[in-house]
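Novice: One letter stands for each residue in the lines below.
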Amino acid sequence: MILKFFRRKSEPDVQMAQGLEKTRRGVFLEITRLFERDTLDDDLYEELEMLLIQADVGWDVSQKLVADLQARVKQGGITDPLLAREILREEMISLLESASRNRRVKILQRGVPFVIMVVGVNGVGKTTSIAKLAAYHQGFGRNVLIAAGDTFRAAAIDQVQVWGERIGVPVIAHEQGSDPGAIVFDAMQAAHARGVDVLIVDTAGRLHTKHNLMAELSKLRRIMQKTVPEAPQETILVIDATTGQNGLVQAKEFAAAVDISDILIAKLDGTAKGGIAFSVAKELGTPISYVGTGEKATDLAEFRPDTYVDSLFFGEGEGF
Amino acid sequence: MFETLTDRLNETFARLGRKGRLTEQDVEDAMREVRRALLEADVNFKVAKDFVAAVRERAIGQDVLHSLTPAQTVIGIANEELIRVLGEDGQGLLPPERPPQILMLVGLQGSGKTTHAAKLAVHLRKQGRTPVLVAADVYRPAAVNQLQALGKQIGIPVYEEGTGHDPVDIAANALQFARERGYNPVIIDTAGRLQIDDRLMQELVNIRDRVHPTEILLVADAMTGQEAVSVAQTFNERVGASGLILTKMDGDARGGAALSIRAVTGVPIKFIGTGEKLDALEPFHADRLAGRILGMGDILSLIERAQETTTEEDAVEMQERLFKGQFNLEDFLEQLQKIKQMGPLTQLLEMIPGLGAQMRQAKAEISDDDYKRVEAIIYSMTYDERRNPDVIGRRRTARIAKGSGTSIQEVKQLLKQFEEMKRMMSQMGRMAKKGKMPRGLPFKMG
Numbered sequence: 210m211i212l213k214f215f216r217r218k219s220e221p222d223v224q225m226a227q228g229l230e231k232t233r234r235g236v237f238l239e240i241t242r243l244f245e246r247d248t249l250d251d252d253l254y255e256e257l258e259m260l261l262i263q264a265d266v267g268w269d270v271s272q273k274l275v276a277d278l279q280a281r282v283k284q285g286g287i288t289d290p291l292l293a294r295e296i297l298r299e300e301m302i303s304l305l306e307s308a309s310r311n312r313r314v315k316i317l318q319r320g321v322p323f324v325i326m327v328v329g330v331n332g333v334g335k336t337t338s339i340a341k342l343a344a345y346h347q348g349f350g351r352n353v354l355i356a357a358g359d360t361f362r363a364a365a366i367d368q369v370q371v372w373g374e375r376i377g378v379p380v381i382a383h384e385q386g387s388d389p390g391a392i393v394f395d396a397m398q399a400a401h402a403r404g405v406d407v408l409i410v411d412t413a414g415r416l417h418t419k420h421n422l423m424a425e426l427s428k429l430r431r432i433m434q435k436t437v438p439e440a441p442q443e444t445i446l447v448i449d450a451t452t453g454q455n456g457l458v459q460a461k462e463f464a465a466a467v468d469i470s471d472i473l474i475a476k477l478d479g480t481a482k483g484g485i486a487f488s489v490a491k492e493l494g495t496p497i498s499y500v501g502t503g504e505k506a507t508d509l510a511e512f513r514p515d516t517y518v519d520s521l522f523f524g525e526g527e528g529f
Numbered sequence: 014m015f016e017t018l019t020d021r022l023n024e025t026f027a028r029l030g031r032k033g034r035l036t037e038q039d040v041e042d043a044m045r046e047v048r049r050a051l052l053e054a055d056v057n058f059k060v061a062k063d064f065v066a067a068v069r070e071r072a073i074g075q076d077v078l079h080s081l082t083p084a085q086t087v088i089g090i091a092n093e094e095l096i097r098v099l100g101e102d103g104q105g106l107l108p109p110e111r112p113p114q115i116l117m118l119v120g121l122q123g124s125g126k127t128t129h130a131a132k133l134a135v136h137l138r139k140q141g142r143t144p145v146l147v148a149a150d151v152y153r154p155a156a157v158n159q160l161q162a163l164g165k166q167i168g169i170p171v172y173e174e175g176t177g178h179d180p181v182d183i184a185a186n187a188l189q190f191a192r193e194r195g196y197n198p199v200i201i202d203t204a205g206r207l208q209i210d211d212r213l214m215q216e217l218v219n220i221r222d223r224v225h226p227t228e229i230l231l232v233a234d235a236m237t238g239q240e241a242v243s244v245a246q247t248f249n250e251r252v253g254a255s256g257l258i259l260t261k262m263d264g265d266a267r268g269g270a271a272l273s274i275r276a277v278t279g280v281p282i283k284f285i286g287t288g289e290k291l292d293a294l295e296p297f298h299a300d301r302l303a304g305r306i307l308g309m310g311d312i313l314s315l316i317e318r319a320q321e322t323t324t325e326e327d328a329v330e331m332q333e334r335l336f337k338g339q340f341n342l343e344d345f346l347e348q349l350q351k352i353k354q355m356g357p358l359t360q361l362l363e364m365i366p367g368l369g370a371q372m373r374q375a376k377a378e379i380s381d382d383d384y385k386r387v388e389a390i391i392y393s394m395t396y397d398e399r400r401n402p403d404v405i406g407r408r409r410t411a412r413i414a415k416g417s418g419t420s421i422q423e424v425k426q427l428l429k430q431f432e433e434m435k436r437m438m439s440q441m442g443r444m445a446k447k448g449k450m451p452r453g454l455p456f457k458m459g
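Here the protein sequences come in this chain order: A and B. Using the working numbering, the first residue of the first sequence is number 210, and each one after it goes up by one. Using the working numbering, the first residue of the second sequence is number 14, and each one after it goes up by one.
Everything labelled a hint here was simulated from the structure, so no lab data went into it. Owing to the predicted nature of the structure, the values given are computational and were not obtained by experimental measurement. All residues carry an ideal CB built from backbone N, CA and C; glycine is no exception. Be aware that a few hints might be false.
[Claimed, not checked] These stretches of chain B come out as covered by chain A in the derived footprint (C-beta under 8 Å, 3 or more residues):
hint, region
1, 40 to 47
2, 118 to 125
3, 147 to 157
Just chain A, with the same shape it has in the complex (with noise of 0.2 Å):
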């Protein structure tokens, strides 16, 4: 009824490998072998398309890849199925690179702090995910400060301050239920009064059909803005690498809501594919900028998409 009323009338790419080889064991090996074969058939369409879909790229995409890959088969009298498993393989890398390529170019400038949001669902790693962004940003010789805005969640904000001393970083913390965007405030202060270089803000996970939670990373937003107006100068989403669908649908609702400029894939380092990668770029074209591939601080590495579908593709690092 209520419906009426609007009714209008009228580089550390050797790490990424690393972790990645797992993940290559699975079925993206089986890729590369589904076509040593001797011939194109529809069976190694079928076929491929299932292993996409297992890997997490989804049904849309996988029958997309599928069919330009059969479009450029036919309209290229390709017979030799290894050169069909390059295109295939450019396909993929393409797919990655045109998000790649809106990847914003993202300045330190001297006196002003590069502040950096996190944001991301329950359970997806962010904590984490803080901690190796401030061991990679402190790899620059930068000076890194962290804010503890998880104040939700029991003990996140313990968490930040156990990962700050192993990796000696300061964090800005107040207690448990307290107002994140008082933390963000203070934390903005502190980093124009230290010098700070990079700021790290943590956010409580949240899903993202929760609207109000959601609108209150909005609020946090303009309170960065208030000191810096540029900032937050990068928004990371991370999402878990064992997501299925539902990544996608996460990633266009913190869009909505904050203005993502970068995503981390966490938990490479298992079984699962990131397949939703695909998804993501393809239908948002936001930049998959990190992935994270382990527990200790160290385990991150910039996402360069020729290397992970290559990883993917190849054993060992071997060539075509």
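Fit chain B to the given chain A structure using the hints.
Specialist: Then chain B, alone, in the frame of chain A:
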């Protein structure tokens, strides 16, 4: 997000229906849509294949070809089949051979073990039990603190030995502690681990062999993709699982992982985690999950959301006013704001089952700006006008339109629709008196 299976099947059959008769190929097309729905819901591809084969067999048996409503028939079969595979509704926890009952939670990192250990404790305390929580995750930074903080919050004791001890010893000591103090059940929170981490999987085996848990509960995230099968299979083979807790079902994940896990391992689904609050644990209902996997809408979740934003008393009072025709524009404004709190209207609409293509069309035209427009019109009225819209004549209408930056026509339209709604509401009120309407809902939509 995704078009629902109902829509797609309707489309498929409508397209074909015009030819006159449905053929076996048409049934194949329908099966393709069923399979697609399952894959989009993250059901494992092998499980989806077997499932579709079973549905096809039944569909042919039930003669979908001659059915007047083939789409409905296919969905009915798919739904029934899903409920069958998903198994019985949440069977309770197994009783221990001798007390205390020991519940061990296992799963991947971030699946929600610690939170659900606390939820289980609250759930069991409600049944008059005296649970103790055991912090056996010595790896993740502050995992012990997290369980302690949760224990404090809910007033349930937590057994811990910090992070310097072997989890196997911690579990054994905790059991001893529980026996001495008479705690029952003992709920053990273990560290999250990858199923391919051999050393950590062995640790679970060691804990199991030391304390002999009554139940080993696998905690799995409803958003898990194709990986769910490998995870569940490995945990089940190595450690053995007696039940599944499906977490984060308060989101919009279809939860197809549950079907895969159940189909491949046979492990029964026992509980569903539906929120961050520590009482957000529900027994599993196969029919609800089946509807969700098929994208048939989720009216129950809609009602639950409505309940989150309004108290029962408020709702009952508002309904009384609605049904008596005393509802005015101020009440309307208040309801509008409550709906806004529930989430974007587009998302709410998706929860309504059987919402056809026409409705989805309407949905596309509604944006948050529409909320604002309606609000602006009402805000531009005086309090008198809001309470008694009848006084609004031509001049007042013009003033309101000017004040809200809308047109006279828009203001008139809103007033007309409001009157219509009021009239329908009081009709519903008369029906409610005869017991035909559910009570306690703040508003009706659609």
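Novice: Compare the structure with each hint and give your call.
Specialist: Going down the list of hints, with the structure as the test:
no.: 1; hint: 40 to 47; in the structure: violated (count 0)
no.: 2; hint: 118 to 125; in the structure: holds (count 5)
no.: 3; hint: 147 to 157; in the structure: holds (count 5)
Comparing the model with each numbered hint stated earlier shows that hint 1 is the single one that does not hold.
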